[in-house]
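Peer 1: Work out the full structure, taking the sequences as your base and the hints as a guide.
If you read the protein sequences in the order shown, they are chains A and B. Residues in the first sequence are numbered from 60 upward in steps of one, following our numbering. Residues in the second sequence are numbered from 516 upward in steps of one, following our numbering.
I should point out that these hints are in silico values taken from the structure, not numbers from a laboratory. Values in this document were obtained by computation on a predicted structure and should not be read as measured data. Cβ coordinates follow ideal geometry from the N, Cα and C atoms, glycine included. Among the clues, some could well be false.
With the Cβ distance kept under 10 Å, some of the chain B side facing chain A (calculated, not the full set) [said to hold, decoys possible]:
no., residue
1, Pro694
2, Leu754
3, Phe971
When the alpha-carbon atoms are kept at most 30 Å apart in a straight line, the in silico DSS-like pairs for lysine-lysine are as follows [unchecked claim]:
no., chain 1, residue 1, chain 2, residue 2
4, B, Lys999, A, Lys94
5, B, Lys999, A, Lys264
6, B, Lys618, A, Lys239
7, B, Lys709, B, Lys618
8, A, Lys156, B, Lys919
9, A, Lys156, A, Lys286
10, A, Lys156, A, Lys263
11, B, Lys833, A, Lys263
12, A, Lys286, A, Lys258
13, A, Lys264, A, Lys232
14, B, Lys919, A, Lys258
15, A, Lys264, B, Lys770
16, A, Lys286, A, Lys239
17, A, Lys286, A, Lys263
18, A, Lys286, B, Lys666
19, A, Lys258, B, Lys548
20, B, Lys690, B, Lys548
21, A, Lys156, A, Lys264
22, B, Lys690, B, Lys639
23, B, Lys666, A, Lys94
24, B, Lys666, B, Lys548
25, B, Lys636, B, Lys618
26, A, Lys156, B, Lys666
27, A, Lys239, A, Lys263
28, A, Lys94, B, Lys993
29, A, Lys232, A, Lys258
30, B, Lys639, A, Lys94
31, B, Lys636, B, Lys840
Calculated Cβ distances over 12 Å to all of chain B for the following chain A residues [claimed, not checked]:
no., residue
32, Ala86
33, Ala96
34, Pro123
35, Leu165
36, Pro170
37, Pro175
38, Ser197
39, Gln202
40, Asp213
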Amino acid sequence: MRAACALYLLYLLAVATAAAQERSFLACPIVRDTKTAPCFLAEYEGELYYLGIQQDINADFHPPQLKHEVLVEGRVEKGPRVCGGIPLKPLAISVIKEVNPACNTLLPAEPGIEAPPAGQGGPASHRPIAEPWPAEESLAGRQEFTLLFAFDDDFVDFGSIAILRRAAGYALKIGASAVKVNGYRATSLLSNGQRLVEKPGLAKKRAQEIATLLEGLGVNGVAAEWKDDPEPGDGNADPSHRRVTITVIP
Amino acid sequence: MIMQRAFLLLAIPTFLLAQYQGAHAPWIEPGSKEMLPAFDEFDNFLGKLGVLYASGPVDTTGHPFFTPLGSNGRACVNCHQPTYGMSVSTDGLQERWRATDGKDPVFAAFDGSNCPDLPQKQEKSHSLLLNRGLFRIPLPWPPRNADGSPKAVEFSIEVVRDPAGCNLSPIYGLKSAHPTVSVYRRPRPAANLKYVISGAQSIVLKTGLPADRDPETGHFVSMNLMTDAREPTLTAQALDAIMGHEEAHETPSRKQLDAIIEFESQVYAAEVEHIFAGPLIDRDGPFGLGPVALRDGRPGVPGDNGFAPVFGVFNAWKGRDYYRKSIARGADIFMSRQFWIRDVAHINSIGLGNPVKGTCATCHSAQMTGQASSAGWVDVGTTNYPTWTEPDTFTEAADLPVFKITCRPDADPHPYLGRVIYTTDPGRALISGRCADVGSIVMQQLRGLAARAPYFANGSAKNLREVVDFYDRRFDMKLTDTEKDDLVNFLGVL
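Peer 2: Now the structure itself:
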């Protein structure tokens, strides 16, 4: 009995510790210049968090924007500070659409504060903006592809275009009998307990846009559906709920 | 050195005047019957422009590019003159007004005047064309889908100021029987077009939306044609121009359209000589200069890198004469001088972040032309308040219309200007109906600039120095006077 209680307490402690590592907050981004690439940071409850640096458009990280608040959803990563901030990984960044002129902090470079080296979110590599096309791969059977979106956004970014084209390429390759597109909108549970819900109609808009893009790539038999009830937020996996799934059926 | 520079600065205006007055600047009239040589040179303020017809000499007799196909006496050549880099300059237009007492068809009431219902004999009725090189572009409101149905738009538009008188005109205005928004724009060069139409992608990276298609082939198009990318192909653009600018009542034949496209597609125009630096084409020089390089170049190559820069490597010029060194320094500034690029819709807003530490070549990245490497409409701020090119746009002295755009609450706002925007030209938004596109203009090619002032789509920069001054002001580049001179010299040889 005592052992069971101890285990339960350990479990609660682990859950509490994990939750303590989650960060979900709205803030004005801060841009910190460096000798190489600018760093993007955000402050929450007196602590500075490192979000990433300026990179090419085809990089995984898309920095936030001055003149806009940013929704930061991530988990504290162990290790040294980067650009003066605590790193978060995984991390999702959403630029809030409405303009906020107060978000305007641009800090000069300072000795000792450096951007991470190339290859670790380092300076832009000047890779050409080539249209992503699926690599040869051996997919088979029914396949589901998931495209993630920023909060309250239906913009299909460079990374999502790559997934979309993989899905289209696969559907064309196997001569899919049907392609189902399902759109969702979601809730984000912030660290302060506030819930942010994506705007009504967004699930439909996301689904229809992706269906249109698939059709534009030559895919037939595309059917779009959507669930307008927002997915609930848990402060943990919320970014993964802002999505469109593409199901390719042989 | 200071004395040398002072002497040159004093000497330049006199030299330029003599050079320009001595220049022969032919104006090809519609219906002309002449043989254009395969390569021709034309004097301009900064040197000589070379125009290369890659297919050989051109007989203009009966050629549809040079022949009026509509009702107002105009032909394509009216606004796309070889002398002016296959566009037209205000110097050329003013000279034409004087020579013809305003009767040249280029001044046609439909779009060569500020508004067709103005007294056409008066010079002031053509002020936007004569002073800025702007033609009226009447666009339907709301915008139309390809099938002619009205497009759903994200904003309302009001006319705040209408110095030209057309947007409030009961016949031609926004509240007329055929609601129309009149904007005023420079004609783009009908040259080097293989670069302009290259780079088609299925999805527009700037919007995440499907790219337009060629209605004839079904292929995706670059969406880099025209100020607002409203026409997908050269054929569609030519047809639009003939039915609009030439006021044709009958559709041109397929053969005529094909002949126009065939002609346009083999014209290359670029500077070949600088008044002080001399001939620009030499063995050790940069690979990108001159029309032959444009003919031989490969479109779709990104140039925002150190090994194959947008217009080539100018290092060989760094140890030579004063002006070549200046041009080379200008090239270095263009490629390497970093500044904060901020609040540019469709640059900062597409995932790069705001601000971005970049250079001129970050945006003007396509090799040989300096256009965008993908569909290229951006709002650099030339037409939107508060960064628009002329601070006095709200005053009585201003000559451009001002519109107030109000975005619907359920639409995404403009990324940096919000939901209420004052603009002299909503740009791409008049085609897409999207708030985020207000003020976005398709990036232009940077070739033959010396031949075709004024600059920007609204003709607001009378010379290249004013272009550089705008960017210096807009992005707080902190350029010194010498750096500005270097950039001007560099842009002047493209």
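Peer 1: Confirm or reject each hint.
Peer 2: Checked hints:
1. Pro694: Violated. Min distance 28 Å.
2. Leu754: violated, 24 Å
3. Phe971: Violated, because the Cβ-Cβ distance from Phe971 of chain B to chain A comes to roughly 24 Å (cut-off 10 Å).
4. B:Lys999 <-> A:Lys94: holds, 25 Å
5. B:Lys999 <-> A:Lys264: violated, 47 Å
6. B:Lys618 <-> A:Lys239: violated, 62 Å
7. B:Lys709 <-> B:Lys618: violated, 34 Å
8. A:Lys156 <-> B:Lys919: Roughly 20 Å between the alpha carbons, so the hint for Lys156 of chain A and Lys919 of chain B holds.
9. A:Lys156 <-> A:Lys286: Within the cut-off at roughly 23 Å; holds.
10. A:Lys156 <-> A:Lys263: Given pair Lys156 of chain A, Lys263 of chain A holds - Cα atoms ~19 Å apart, limit 30 Å.
11. B:Lys833 <-> A:Lys263: Not OK: Lys833 of chain B and Lys263 of chain A at ~58 Å, beyond 30 Å, violated.
12. A:Lys286 <-> A:Lys258: holds, 13 Å
13. A:Lys264 <-> A:Lys232: holds, 27 Å
14. B:Lys919 <-> A:Lys258: Given pair Lys919 of chain B, Lys258 of chain A holds - Cα atoms ~26 Å apart, limit 30 Å.
15. A:Lys264 <-> B:Lys770: This hinted pair is violated, its Cα atoms lying about 43 Å apart.
16. A:Lys286 <-> A:Lys239: Status holds; Cα separation ~13 Å.
17. A:Lys286 <-> A:Lys263: This hinted pair holds, its Cα atoms lying about 7 Å apart.
18. A:Lys286 <-> B:Lys666: holds, 26 Å
19. A:Lys258 <-> B:Lys548: violated, 63 Å
20. B:Lys690 <-> B:Lys548: Not satisfied, since the Cα-Cα distance of roughly 44 Å exceeds 30 Å.
21. A:Lys156 <-> A:Lys264: holds, 16 Å
22. B:Lys690 <-> B:Lys639: Given pair Lys690 of chain B, Lys639 of chain B holds - Cα atoms ~24 Å apart, limit 30 Å.
23. B:Lys666 <-> A:Lys94: violated, 47 Å
24. B:Lys666 <-> B:Lys548: violated, 44 Å
25. B:Lys636 <-> B:Lys618: OK: Lys636 of chain B and Lys618 of chain B at ~8 Å, within 30 Å.
26. A:Lys156 <-> B:Lys666: With Cα atoms ~23 Å apart, Lys156 of chain A and Lys666 of chain B stay inside 30 Å; holds.
27. A:Lys239 <-> A:Lys263: Between Lys239 of chain A and Lys263 of chain A the Cα gap is close to 13 Å, so the pair holds against 30 Å.
28. A:Lys94 <-> B:Lys993: holds, 18 Å
29. A:Lys232 <-> A:Lys258: violated, 36 Å
30. B:Lys639 <-> A:Lys94: Roughly 53 Å between the alpha carbons, so the hint for Lys639 of chain B and Lys94 of chain A is violated.
31. B:Lys636 <-> B:Lys840: violated, 49 Å
32. Ala86: With a cut-off of 12 Å, Ala86 of chain A remains clear of chain B, as the shortest Cβ separation is near 15 Å.
33. Ala96: Answer for Ala96 of chain A: violated, closest chain B Cβ roughly 7 Å.
34. Pro123: violated, 7 Å
35. Leu165: violated, 7 Å
36. Pro170: holds, 18 Å
37. Pro175: Its Cβ never comes within 12 Å of chain B, the nearest being 15 Å, so this holds.
38. Ser197: Non-interface label on Ser197 of chain A holds, nearest chain B Cβ at 24 Å vs cutoff 12 Å.
39. Gln202: Holds, since 20 Å exceeds 12 Å.
40. Asp213: violated, 8 Å
Against the hints set out earlier in the document, violations occur for numbers 1, 2, 3, 5, 6, 7, 11, 15, 19, 20, 23, 24, 29, 30, 31, 33, 34, 35, 40.
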